[in-house]
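There are 2 protein chains.
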Amino acid sequence: MFVAMNRFKVVAGSEEDFEAVWRNRESSLKEMPGFVSFHLLRGPHDAAEGYTLYASHSVWQSHDAFLAWTKSENFRRVHKNAGDNKAMYLGPPVFEGFHPVEGA
Amino acid sequence: MFVAMNRFKVVAGSEEDFEAVWRNRESSLKEMPGFVSFHLLRGPHDAAEGYTLYASHSVWQSHDAFLAWTKSENFRRVHKNAGDNKAMYLGPPVFEGFHPVEGA
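Residue numbers (our numbering), protein chains in the order written: chain A, 1 to 104; chain B, 1 to 104.
Hints should not be assumed to be uniformly reliable.
For identical chains, the list gives no copy identity; a pair is met inside one copy or between any two copies.
Result set (DMTMM-like, lysine to aspartate or glutamate): computed pairs, CA atoms no more than 25 angstroms apart in a straight line [stated by the list, open to error]:
1) K86 - E15
2) K80 - E96
3) K9 - E96
4) K71 - D84
Hints were generated in silico from the structure; no laboratory data involved.
From just these sequences and the hints, can you work out the full model?
Rendered as structure tokens:
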């Protein structure tokens, strides 16, 4: 199991636009070998800094399955417009990959 | 669905001790209503800052189920020693709760 998260700081007031981008995208992740699940998650709102934290959260059967996706045509296609809508964000997304240590 | 994560910055060199604390703890989360899954996740190592990021990652059927757990005797029991081992950490853990917006 491997958990891949991308953290987005979305400028306060742009939350609905950000969610719409994700709702309206084309996704074919489910066709990828080793794909388990995907969720877009809404995290805490930071009023002082003026953003809401979001995280894309995908689970893969293995780190190798995730890496194979990042090298695929599917990955290139879904990320080709990733630089759009920069005004929505406080800084670039931050990727974090996680390996399970314990649990079930 | 609700995802509860606690982020721990574990001082470089203390990773094995930190993992041992989790492996050796008593857990009865599975007895809690609405509990779905728990994993301790190991994230990226930050060599410049001298820590490895870990996250406890639990999934609940609903935010209400999570909140009920935080008010339970089970929660008090498993957190009663949470202040131990402070030398392992760079700062306190940071809690982040997430609500799914999109996905399956």
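Checked hints:
Taking the closest pair of Cα atoms, K86 and E15 come within 25 angstroms of each other only inside a single copy of the chain (13 angstroms); across copies the shortest separation is 36 angstroms, beyond that limit. Taking identical chains as interchangeable, the C-alpha atoms of K80 and E96 lie at most 25 angstroms apart only when both belong to the same chain, with a minimum of 20 angstroms there against 29 angstroms between chains. For a Cα distance limit of 25 angstroms, the shortest separation of K9 from E96 qualifies both inside one copy, at 14 angstroms, and across copies, at 13 angstroms. Only within a single protomer do K71 and D84 lie at most 25 angstroms apart by alpha-carbon distance; the minimum there is 21 angstroms, versus 43 angstroms between protomers.
Against the hints set out earlier in the document, no violation occurs for any number.
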